[in-house]
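K.L.:
In my numbering, the protein residues as written are 3 to 304.
Calculated from the structure, these hints are not laboratory results. C-beta atoms are modelled at their ideal positions from N, C-alpha and C, and glycine is treated no differently. Any given hint could be a false lead.
Unchecked claim - For lysine-lysine, the following DSSO-like pairs were computed, each having C-alpha atoms within a straight-line distance of at most 30 angstroms:
#  : residue 1 : residue 2
1  : Lys7      : Lys17
2  : Lys66     : Lys300
3  : Lys237    : Lys135
4  : Lys66     : Lys286
5  : Lys7      : Lys135
6  : Lys180    : Lys132
7  : Lys67     : Lys169
8  : Lys132    : Lys159
9  : Lys5      : Lys211
10 : Lys135    : Lys67
Said to hold, decoys possible - The following label-pair restraints were derived from C-beta to C-beta distances:
#  : residue 1 : residue 2 : range
11 : Arg60     : Lys211    : 42 to 52 angstroms
12 : Lys130    : Gly50     : 15 to 25 angstroms
13 : Glu31     : Lys135    : 28 to 38 angstroms
14 : Glu31     : Gly157    : 39 to 49 angstroms
15 : Arg213    : Glu246    : 18 to 28 angstroms
16 : Lys132    : Lys211    : 21 to 31 angstroms
17 : Arg184    : Gly157    : 22 to 32 angstroms
18 : Asp131    : Gly210    : 21 to 31 angstroms
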Amino acid sequence: MAKIKLGMMNCFAVKRWPEPEVWCKIIGEDFNLRYLQFSFDLLDPRTGSVSRDKICRRIVKATKKYSLHLTSAFTGLASYSFNLLLHPDLGMRMDALNWYEQAIKTAAKMGADGSGGHMGALSMQDFKDKNRKKYLMEFLTEALQHLSQVAKEAGQKFLLWEPMPLKREPPCTIEEAKQLHRMVNEGAAIPIQFCLDLGHQCAVGTTGKDRDTYEWLRQLAPYSPVIHIQQTDGKGDRHWPFTEEYNCQGIIEPEKVIQAINDSGAEEVILLFEIIHPFEAEEKLVLTEIKESVEFWKGYLS
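Model the full assembly from the supplied sequences, consistent with the hints where possible.
P.N.:
Given below as structure tokens:
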């Protein structure tokens, strides 16, 4: 049986509670959780060193004060808007590589065990060109292996790669994920693992097991030390809370998630709430719905 823990991706704090002391207090005291993942939407890795390092020191101090374990630092909505390591232009890919190098070093400064996220998106033109796609995937593989060395030198334990819900943002199928996992780890300095997301099994053109959240868990949970959890209807990447209203619409059931992880043979997994409200949502509602979601899941993991 797997050791399953609950934690929080702090994307809920973006623009609302950017102060480390505030979001740490919310996670540690209001939600009573001990594990967290940091969103780079709260601190761009390329921020000037004086300001960046000051924020990192505040994060280290605040996580210690509220007894929080920083599992990882992760890309957010801002970086997801870019093609990153799969951009059609070489200069832009190299810029993305530098961004990730800085992200890893920043994650290490704040005390995170690992770092990672969305690695890249192919352009429509490159996606349709077999030779270009092959070339860019080879570049991505080499880039990730390089980043694993950067992460090792920074004292990190692993690098995380998030499977996405689009075919242009690999991997988006189970077999593709397995193949890429084997390929990229052949030359990795530290393990390059996944960060699965319960709402990403909705890529256009996929069918069968690739649309089955629980099958993804059964086959890949051993390679995903952290997993994003959200309520979703299976038709899109919703990031809904686990409230009574959304649980009636959603397809994610905690007992099935737990069973699938146990069936996978995974030894330990941290489930991280990645609940994203509209920026227009009232702050009290945001906290209330996330708190309800946490209590809902604790009922299955107590």
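K.L.:
Quick one: which hint numbers does this structure break? Sort them smallest to largest.
P.N.:
Hints 5, 7, 8, 10, 12, 13, 14 are the ones this structure does not satisfy, whereas the remaining hints hold.
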